[in-house]
Structures are given as C-alpha cells and as structure tokens.
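Undergrad: In case you want the letters, here they are:
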Amino acid sequence: MNAFAAILRRDMLLAWRSRADLLISLAFFVIVGCLFPFGVGAEPNQLRAIGPGVLWVAALLSCLLSLHRLFAQDYQDGTLEQMLLSPDPTVLWILAKVLAHWLTTAVPLLLITPLMALMFDLEGGAIQVLTASLAIGTPILSLIGAVGAALTLGLRGGGALLALLVLPLFVPVLIFGAGSVDAYLSGTGASAHMLLLGGGVLGSLALSPVACAAALRISTE
Amino acid sequence: MSTSESRFNLYHYAAPQAFYPVAGKLAPIFAVIAAALTLAGLWIGFFKAPTDAVQGEVYRIIFIHVPAAWMSMFVFLVMAFWSAVGLAMNTRLSALMAQALAPTGAMFCFVALWTGALWGRPTWGAYWVWDARLTSQLLLLFLYLGYMALVAAVDDPRRRDKAGAILCLVGAVNVPIIYFSVKWWNTLHQGASVSLTKAPSMASIMLSGMLVMALAAWAYTIAVALYRVRVLILERERHADWVRGELTRLGEAN
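Heads up: the sequence lines are chains L and S, in that order. Each residue of the first sequence is one higher than the one before, counting from 33 in our numbering. Each residue of the second sequence is one higher than the one before, counting from 2 in our numbering.
Please note: incorrect hints may appear among the correct ones.
[Stated by the list, open to error] With beta-carbon atoms standing in for the labels, derived distance ranges:
#1 L/D153 with S/I206: 53 to 59 Å
#2 S/V174 with L/G110: 30 to 36 Å
#3 L/A81 with S/A127: 17 to 23 Å
#4 L/Q78 with S/L119: 30 to 36 Å
#5 S/V55 with L/S223: 54 to 60 Å
#6 L/V62 with S/L235: 48 to 54 Å
#7 L/A81 with S/I30: 53 to 59 Å
#8 L/D109 with S/L212: 34 to 40 Å
#9 S/L235 with L/R42: 26 to 32 Å
#10 S/W44 with L/A224: 28 to 34 Å
Calculated directly from the structure, the hints in this document are not laboratory data. Glycine included, every Cβ here is placed at the ideal spot set by N, Cα and C.
If we strip away everything but chain L, and leave its shape as in the complex, we get (with noise of 0.2 Å):
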C-alpha cells in the first residue's frame, strides 16, 4: 500500500506543480460546452434537452484531452522503466496512477458541472443527477482510456490514434451518463442507470488495469 500511496502522492504533486495544464483541459471543458448554444441556437427548450448530453460529451473530450500525459512524461524519462523493473505490483501502481488522474482532471470538473448546466437551464435536481453521473462515470474514462494512453505511448500521431481507440469504447458510458439525466428528467427515476454506471466502474476496476500493465509492458520492451 506503501507504494500506492508514494505514486498517488508523486502525481497529484507533479501535477498540482503544473497546474496550467490542469486549467487548460478544464478551460477545454467549458469551452466546449460554450461553443454549442452558439451551433444550435440559445432556445432554452432546446438547451435544456441537449444540455446533459453535451456537458457529458464535452467532459470525455476533456478526460481525452489529458489521458495522453498519463504516462508519457514518466516514459520519455525512463521513471515508467524502473517502475516496472520495482518488485511492487504493476496493477497497484497503475491504479494509483488512474486515481491521480481522476482527481485531477475529472474533479475539478466536477465541480464547475453544476455551473455549466445553469448555462444550460437545467434545474436543480436535474444538475444533481448530472453531477451524480458524472462522478460515477469519469472514473471508467480514466481507466479504460489508461489502456489506450499506454498502447499509443510513444507512437507518432498518438493523440488522435488514442482519441480513435478510445472514444469508441466510451459510447455506453456516455449513453448510461447522459441518459440518467433524461430517466430523472421523464420520472423513470435514474437509479437503473447509476447501478450500471456503478457496475461500468468495478467492472472496469478490475480489467482494465491488468490490460494497462500489459499493454505499458509491451510499449516499454
């Protein structure tokens, strides 16, 4: 536990020392979310129809657009080597890793969600269920797109060959995500949709680590 703990400490370090990155993936979020009123037109109907798919979609570009430095800057400078040659488990470490990145990327954003859907006119409960989903479905992007972060590592072209290994594999995250909205919104109820984000989370909790070590072992040969 030792050894999740020093890497979990390692890299919320490195990154709180390079913040900006951190604030430009989040600017990256916002952003994003902005840009579609002025695609589709400011009718708050409108808005509030597509406002939970849209912060959703934005939220898995930005979690895309940082995966990529999930490894790389310990691979160009040969820390990912001695890692993986270090007699602590390979899945512990990634774990810490993935968990880093969660909470680097993925709170924040969190936390400006609430804010973004009054841009889009969604109500209280309503951002809740967002915010809710949210939280349960990011930490699935940073663990599936850790496998295709270690695939493409070091590969030229990496950060559109990621976007297109990964993005794919994101869809039922995104469908259980902002549907949970809609469910809430129609009186379904968005308990069905959590449970299987919340099963998305332990399932991918448990393989997609093991893959991550695989595929870092072979990037690194």
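With chain L's structure known, arrange chain S on it following the hints.
TA: Coordinates of chain S only, in the frame set by chain L:
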C-alpha cells in the same frame, strides 16, 4: 521439421515458414469456392428467389447485406481468438492472422452499412436511422479502424503484434457492452426491422440464397486472409534466407 510425424503437428504450422506454402496452396482453392458460391448465390438471389410480397425487389439486398453483417461480426471474434492465442502462446503467426483479417472485416462492416443505407432509403424513408443495430455496426467499424490504425502506427513488429492483440481483446470484451447499451439507449426505435418469414416456400428459397452467399463470404474471407497473410509473412521475415529465395523466385516468375 523434416520428419513425417511432425507434418500432422498443428504447432508445426505455427511457424510462418511452414505455413507460407500451405497458405499458398489453400488460398486459390478457397478463392475458387468463393467465386462459385457467389455466382450460385447471386443466381438464386436474382433469378430464383421471388419478389417479396411486402418490400418488392428492394429486399434482394439481403443476399449481400446479411452475409456481410454476419461476417463483419464473426471476423472480429476470429481476430480476438487469434489475438488471445498469440498472447498466450507467443506465436508470431497468430498476430499476423489477426492483422490479415482486419481489412476484410472492416470492408464487410462498411458493405453492411452501405447496403443497409441503400435498403433503408426506400423502406424506412431514410438512409440512416439511429437504430441499435446500425449504431453498433458503425461502432464496430470504428473498432476495426482503430485496430488497423494502431497496427499501422507501430514500427517495431513485436510491439505491433502484441499491442494490436491487447486492443483486439479489449474491443471484443466491449462489443457486447456496446451492443446492449446502444439497444437500451434506443428502445424507442425498435420494431422497425422487418421479419422475412412470409409464406414458408418463399422464405426457404430466400434463406438458401442467403446461406449460399454467407458461405461465399466465408470462403472469400479465408482466401483473402490467406493471400494477405502470405504477404505479411514475406514482409516480416524478409531477413530470412528462405524469403530471399522465395522473392528471387517470384521475381523471376514475373
């Protein structure tokens, strides 16, 4: 390798050098089978199968559409199988097989979408609807493209094989999840797909046409994959003596 017992050993053919001539022998056979079955299937489809009572002539697209859709899904499973074998047993040929299959799977995926659009326009009144099956087929195409893009982006052959294999397995785990989530998402549009079970005698000739075309698609896939894997083997093993000899032979033949 020269003993006669090892001839019947499957592991013997796991070596690219041993598999290369076998693929060369099998590929033309499957190509001929594919051509014959395609001709037979199209003949049944266009001349024997009657016009559909509800949809008219337009339904005849199923003779291409349905086999293509089946194949596109099945090829991904086969790729996942070869990927798993390659990762577990560390065989080079398995990864090459997966890479040889990918373009064919993507092609069938595209054909299924394209013919579906052509069929959807007169039948549903739209080239594209966000139906669960269409959408998951589109996402499957993206998975194929992602696999091919990743394989193309890696220069080191070992890393290419293994990275592709991991992506393929991750994709295979996700395909059912994607399918069911899309189905959940679009429960409203369901029921649009048309059942083809009309009068039994009609359905059987239509069905046999479709099955013959499906077998043709199988034979085509096997033939094309074998041809492609031969090229991949030559490319991968280009530093080996036997490949040099083979390439000189091919050069002289031309």
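Undergrad: It remains to establish, for every hint, whether it holds in the given structure.
TA: Each hint tested on the structure:
no.	hint	verdict
1	L/D153 with S/I206: 53 to 59 Å	holds (58 Å)
2	S/V174 with L/G110: 30 to 36 Å	holds (32 Å)
3	L/A81 with S/A127: 17 to 23 Å	holds (21 Å)
4	L/Q78 with S/L119: 30 to 36 Å	holds (32 Å)
5	S/V55 with L/S223: 54 to 60 Å	violated (42 Å)
6	L/V62 with S/L235: 48 to 54 Å	holds (53 Å)
7	L/A81 with S/I30: 53 to 59 Å	holds (57 Å)
8	L/D109 with S/L212: 34 to 40 Å	violated (58 Å)
9	S/L235 with L/R42: 26 to 32 Å	violated (47 Å)
10	S/W44 with L/A224: 28 to 34 Å	violated (50 Å)
The structure shown violates the earlier hints numbered 5, 8, 9 and 10.
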